[in-house]
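> Spelled out, the chains give:
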Amino acid sequence: QTVVTQEPSFSVSPGGTVTLTCGLNSGSVSTTYYPSWYQQTPGQAPRSLIYNTNTRSSGVPDRFSGSILGNKAALTITGAQADDESDYYCLLYMDSATYVFGTGTKVTVL
Amino acid sequence: QVQLVQSGAEVKEPGASVKVSCKASEDTFTNYYAIHWVRQAPGQRLEWMGWINAGKGNTKYSQNFQGRVTITRDTSASTAYMELSSLRSEDTAVYYCAREVWGTKDIHYWGLGTLVAVSS
Numbered sequence: 001q002t003v004v005t006q007e008p009s010f011s012v013s014p015g016g017t018v019t020l021t022c023g024l025n026s027g028s029v030s031t032t033y034y035p036s037w038y039q040q041t042p043g044q045a046p047r048s049l050i051y052n053t054n055t056r057s058s059g060v061p062d063r064f065s066g067s068i069l070g071n072k073a074a075l076t077i078t079g080a081q082a083d084d085e086s087d088y089y090c091l092l093y094m095d096s097a098t099y100v101f102g103t104g105t106k107v108t109v110l
Numbered sequence: 001q002v003q004l005v006q007s008g009a010e011v012k013e014p015g016a017s018v019k020v021s022c023k024a025s026e027d028t029f030t031n032y033y034a035i036h037w038v039r040q041a042p043g044q045r046l047e048w049m050g051w052i053n054a055g056k057g058n059t060k061y062s063q064n065f066q067g068r069v070t071i072t073r074d075t076s077a078s079t080a081y082m083e084l085s086s087l088r089s090e091d092t093a094v095y096y097c098a099r100e101v102w103g104t105k106d107i108h109y110w111g112l113g114t115l116v117a118v119s120s
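For the record, the sequence lines run as chains A and B.
Sequential numbering from 1 applies to the first sequence in the working numbering.
Sequential numbering from 1 applies to the second sequence in the working numbering.
Treat the hints with care, since some could be wrong.
Unchecked claim - For each label pair, taking beta carbons as the anchor points, the in silico distance ranges come out as:
{"no.": "1", "chain 1": "B", "residue 1": "V2", "chain 2": "A", "residue 2": "S67", "range": "22 to 32 Å"}
{"no.": "2", "chain 1": "B", "residue 1": "T30", "chain 2": "A", "residue 2": "A82", "range": "23 to 33 Å"}
{"no.": "3", "chain 1": "A", "residue 1": "R56", "chain 2": "B", "residue 2": "R45", "range": "40 to 50 Å"}
{"no.": "4", "chain 1": "B", "residue 1": "N58", "chain 2": "A", "residue 2": "R47", "range": "26 to 36 Å"}
{"no.": "5", "chain 1": "A", "residue 1": "L110", "chain 2": "B", "residue 2": "A41", "range": "50 to 60 Å"}
{"no.": "6", "chain 1": "A", "residue 1": "A82", "chain 2": "B", "residue 2": "G57", "range": "22 to 32 Å"}
If you're looking for bench data, these hints aren't it; they were derived computationally from the structure.
Glycine included, each C-beta is placed from N, C-alpha and C at the ideal position.
Sequences and hints are given; from them, build the entire structure.
Below, the structure is given as structure tokens:
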């Protein structure tokens, strides 16, 4: 069974930088998994932030960036703002043309 | 502006089936887009369920649903459907439809979600 793991939670100060990661129990995450990232606040639908590893979705501020760090996908928030306080999910594309969401990371800005 | 309008909340008994609809703008139902279905149980993570190519109608499903989920579309009605059968209490969740430009892997536009509650 494929398991995509993320840190359960992170805390960041306003103006600070935080990097969330997305790993795979069966090996390394690479660009062939087309990692994407979604932001979700309570009671709301998810919002697309990053797709295809490092492409920002339209309207997403450039303080959000995606990359591969070592054997994981990563989402970095640079200059965190209060309204970045949300849950963040990565999504990986598998070679069976299916997708798997990560376990999610709760980011607190304080 | 792309809008995905989902059907209203449902309450179902265990063992029943539910069919949730997702009406999209007319240009969605071409080969250029896919409609995905994602669900989220209360307090839990997002769970990907499957996709349908809006034009061709071919589908792919998560193995986690073991044949219980069926995604279809009616191009004349600009609507996609997700049917989940043999419902159990663990299927209580908000079900979202979302649109991807085919091949981009960017699930960009999302519906507001449909709550399905399974209870006897």
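> Now look at each hint and say whether the structure bears it out.
Hint by hint, here is what the structure shows:
no.: 1; hint: B:V2 <-> A:S67: 22 to 32 Å; verdict: 28 Å, holds
no.: 2; hint: B:T30 <-> A:A82: 23 to 33 Å; verdict: 40 Å, violated
no.: 3; hint: A:R56 <-> B:R45: 40 to 50 Å; verdict: 23 Å, violated
no.: 4; hint: B:N58 <-> A:R47: 26 to 36 Å; verdict: 27 Å, holds
no.: 5; hint: A:L110 <-> B:A41: 50 to 60 Å; verdict: 28 Å, violated
no.: 6; hint: A:A82 <-> B:G57: 22 to 32 Å; verdict: 44 Å, violated
Taken one by one, the earlier hints fail for this structure at numbers 2, 3, 5 and 6, listed in ascending order.
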